[in-house]
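Q: Residue numbers (the working numbering), protein chains in the order written: chain A, 109 to 571; chain B, 94 to 198.
Everything labelled a hint here was simulated from the structure, so no lab data went into it. Don't take each hint at face value.
Below are the SDA-like pairs computed for lysine to any residue, each with C-alpha atoms no more than 20 angstroms apart in a straight line [to be verified]: (1) A:K136 x B:I102; (2) B:K153 x A:K558; (3) A:K521 x A:L437; (4) A:K558 x A:F378.
Just some of the chain A residues that point at chain B, by a computed CB distance under 7 angstroms [stated by the list, open to error]: (5) G129; (6) L133; (7) K136; (8) P141; (9) G152; (10) A153; (11) M155; (12) L156; (13) L164; (14) Y165; (15) P166; (16) G208; (17) E338; (18) P457; (19) A465.
Cβ atoms here follow ideal geometry from the backbone N, Cα and C, with glycine treated the same way.
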Amino acid sequence: MPAAWLSAELAIQASYFVTAGLFILGLKRMSSPVTARSGILWAGAGMLVATLITFLYPGMSNYELILPAMLVGGVLAWWSGKRVAMTNMPQMIALYNGMGGGAAAAIAAVELYRGAASGYVTDSLAVAGGIIGAVSFAGSAIAFGKLQGLITRSIRFGGQQLLNLLILAAALALGVLVAGRIDAAPAAVTGLFVLALVLGVAMTLPIGGADMPVVISLYNALTGLAVGLEGFVLNNAAMIIAGTVVGSAGTLLTQLMAKAMNRSLGNVLFSGFGDTGGAATGEVSGSLKPIEAADVGVMLAFASKVIVVPGYGMAVAQAQHKIWELCQLLIDRGVNVRFAIHPVAGRMPGHMNVLLAEAGVPYDLISDLEEINAEFDTADVALIIGANDVVNPVARTDKSSPIYGMPILNADKAKNVIVIKRGKGAGFSGIENALFYLDNTRMLYGDAQKVGAELIQAVKAVG
Amino acid sequence: MTGMVALYIFMLAAFTGYEVIARVPVILHTPLMSGSNFVHGIVLVGAMVALGAAHTPLEKIIGFLGVLLAAGNAVGGYVVTERMLEMFKASGQGAKRRAPGAETH
Chain A
109 MPAAWLSAEL AIQASYFVTA GLFILGLKRM SSPVTARSGI LWAGAGMLVA TLITFLYPGM
169 SNYELILPAM LVGGVLAWWS GKRVAMTNMP QMIALYNGMG GGAAAAIAAV ELYRGAASGY
229 VTDSLAVAGG IIGAVSFAGS AIAFGKLQGL ITRSIRFGGQ QLLNLLILAA ALALGVLVAG
289 RIDAAPAAVT GLFVLALVLG VAMTLPIGGA DMPVVISLYN ALTGLAVGLE GFVLNNAAMI
349 IAGTVVGSAG TLLTQLMAKA MNRSLGNVLF SGFGDTGGAA TGEVSGSLKP IEAADVGVML
409 AFASKVIVVP GYGMAVAQAQ HKIWELCQLL IDRGVNVRFA IHPVAGRMPG HMNVLLAEAG
469 VPYDLISDLE EINAEFDTAD VALIIGANDV VNPVARTDKS SPIYGMPILN ADKAKNVIVI
529 KRGKGAGFSG IENALFYLDN TRMLYGDAQK VGAELIQAVK AVG
Chain B
94 MTGMVALYIF MLAAFTGYEV IARVPVILHT PLMSGSNFVH GIVLVGAMVA LGAAHTPLEK
154 IIGFLGVLLA AGNAVGGYVV TERMLEMFKA SGQGAKRRAP GAETH
């Protein structure tokens with residue numbers, strides 16, 4: 109029945125066209141805070157349309173395998189995505205992104221093992237997408253392990269970059285053999301994917317935890333590219349468009365993130381900085397001066413302007429709710445309270461905004477670096493909660509410091525600086541923080557959640 | 094679709110991706126990365142087609158894994174993005190202010 113076949117084909121093409129449009133509009137809406145929420149719904153509708161219509165693909169079989177695979181993968185992802193804490197979002201993105209890369213590699217593997225004989229160009233694209241997908245799969249898995257705390261050490265040794273280059277060269281050489289039909293034996297295809305997986309692991313292991321967001325964003329772009337390439341192989345317009353759009357958008361996003369951290373992408377990937385406890389410690393004079401919560405409570409209650417600088421430490425302690433409760437008390441007393449967000453506060457750009465929004469902090473109290481930096485001069489108290497490197501003044505002054513030149517929040521300009529911190533350790537970069545030793549700085553040690561509760565009591569006690 | 098047309102699609106899609114993201118505020122970087130992570134979950138469609146055409150047991154196993162992983166990418170990406178953007182529901186000035194102690198996770 110050629111007529112029925114034709115109409116199914118037409119329906120599929122039309123649906124993919126609609127899906128591509130919905131994806132682009134969805135992403136466009138997601139790039140503005142006002143329309144962001146509807147954006148994911150549009151993109152989701154597109155995904156639903158494309159998935160359903162694909163069941164009508166001509167010549168499809170193995171439905172008894174397709175449906176259980178979708179069900180298992182979907183249910184596991186739904187379950188894990190629903191219950192993960194907001195602080196752990198970055199590693200979940202890494203995990204789901206790696207799955208996409210793995211799926212792209214799997215498509216390439218099926219096509220290559222089958223030897224579908226569709227030409228050199230198609231096979232080359234399948235090989236390229238397969239390598240990129242497998243690297244993204246393995247690399248994202250390592251990134252997940254690092255952020256989740258499963259992998260704590262960054263493995264580095266001399267000649268590591270050279271070794272990675274050799275692995276890449278070997279994978280490419282096998283790729284030429286396979287795509288050029290010189291040796292398309294299953295063993296060559298298997299070797300190709302094994303090398304790509306090893307490369308993904310080897311590339312990601314030496315990169316420190318602080319740089320992981322940039323790396324995840326890069327792998328996100330790579331998965332997009334891999335999906336786009338496999339789209340060419342399968343002659344699937346929806347995959348080509350969606351994959352390529354994500355590939356280029358993800359590349360730009362990666363650059364924006366690296367820029368916010370004052371790093372180049374090459375620096376992130378190849379320098380090995382960005383690890384805990386590694387870098388040299390600068391010379392710092394002065395001493396750490398502790399303070400009690402009750403004294404801070406009085407200080408806050410009688411301040412006219414308080415700027416809160418939240419960092420990842422606040423997020424891990426799940427203290428954003430307590431801190432907001434404290435701030436509401438202060439606002440009721442007539443204190444001008446603002447939140448200052450550094451571009452890389454949290455684990456990713458924008459991560460802290462999500463966490464504060466979760467606690468119910470209104471947007472108009474949240475300011476970014478450019479907006480707020482001039483206001484520290486007029487603030488009575490800068491309340492630093494679990495933030496470290498983003499307020500370290502050596503970034504302005506000490507040329508030998510690894511974070512020199514990174515834009516920081518000028519918390520040291522406030523009349524009083526209160527630092528809530530769990531212990532005396534250095535920040536993510538391993539650099540001593542000169543701010544903590546200033547004359548106008550007091551240290552309030554303890555878990556941010558517990559300290560928050562104590563401060564609430566202290567402010568209430570002022571009456 | 095001829096190779097040349099595919100190449101044009103590739104170029105235009107690349108520019109589209111760049112333009113769509115170009116002026117995004119920092120607060121949306123993480124949700125947007127998550128959103129684009131969801132969008133490449135369209136790989137599910139390709140994985141379904143690949144498994145649908147698989148013949149040998151090896152092809153079927155890899156194809157099965159492909160569909161499973163792709164479904165995870167699509168569903169997980171959606172759930173996580175939706176949860177993050179949920180926070181932006183009360184956007185603008187009319188932001189909600191919950192009573193102290195009434196917050197839930």
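Q: Is the hint on A:A465 kept, meaning its closest Cβ partner in chain B is under 7 angstroms away?
A: 4 angstroms, holds
Q: So, A:P166 near chain B? Judge it on the closest CB pair being under 7 angstroms.
A: Hint on A:P166: violated, closest Cβ of chain B at ~10 angstroms, above 7 angstroms.
Q: Does A:M155 pass the interface hint, meaning its C-beta sits closer than 7 angstroms to a C-beta of chain B?
A: Since chain B brings a Cβ to about 6 angstroms from A:M155, closer than 7 angstroms, the hint holds.
Q: For the hint on A:A153, does the least C-beta distance to chain B fall short of 7 angstroms?
A: This interface hint is violated because 11 angstroms lies over the 7 angstroms limit.
Q: Verify the proposed pairing of A:K136 with B:I102, using a straight-line Cα cut of 20 angstroms.
A: OK: A:K136 and B:I102 at ~19 angstroms, within 20 angstroms.
Q: Would the hint on A:G129 be counted as holding, given a Cβ-Cβ threshold of 7 angstroms to chain B?
A: 11 angstroms, violated
Q: Hint check: is the beta carbon of A:P457 less than 7 angstroms from a beta carbon of chain B?
A: 4 angstroms, holds
Q: Should the interface hint for A:Y165 be scored as holding, given a Cβ-Cβ cut-off of 7 angstroms against chain B?
A: At about 6 angstroms, which falls below the 7 angstroms cut-off, the nearest Cβ of chain B leaves the hint on A:Y165 intact, so it holds.
Q: For the hint on A:P141, just tell me whether its beta-carbon gets within less than 7 angstroms of chain B.
A: Holds - the Cβ of A:P141 comes within 7 angstroms of chain B, reaching about 5 angstroms at its closest.
Q: For the hint on A:L133, does the least C-beta distance to chain B fall short of 7 angstroms?
A: 9 angstroms, violated
Q: Would the stated hint for A:G208 survive a check requiring a Cβ distance to chain B of less than 7 angstroms?
A: Where the cut-off is 7 angstroms and the nearest Cβ of chain B is about 4 angstroms from A:G208, the hint holds.
Q: Mind checking the CB of A:L156 against every CB in chain B and telling me if the closest is under 7 angstroms?
A: With a closest approach of 10 angstroms, the A:L156 hint is violated.
The structure fails hints 2, 3, 4, 5, 6, 10, 12, 13, 15 (numbered hints given earlier, in ascending order).
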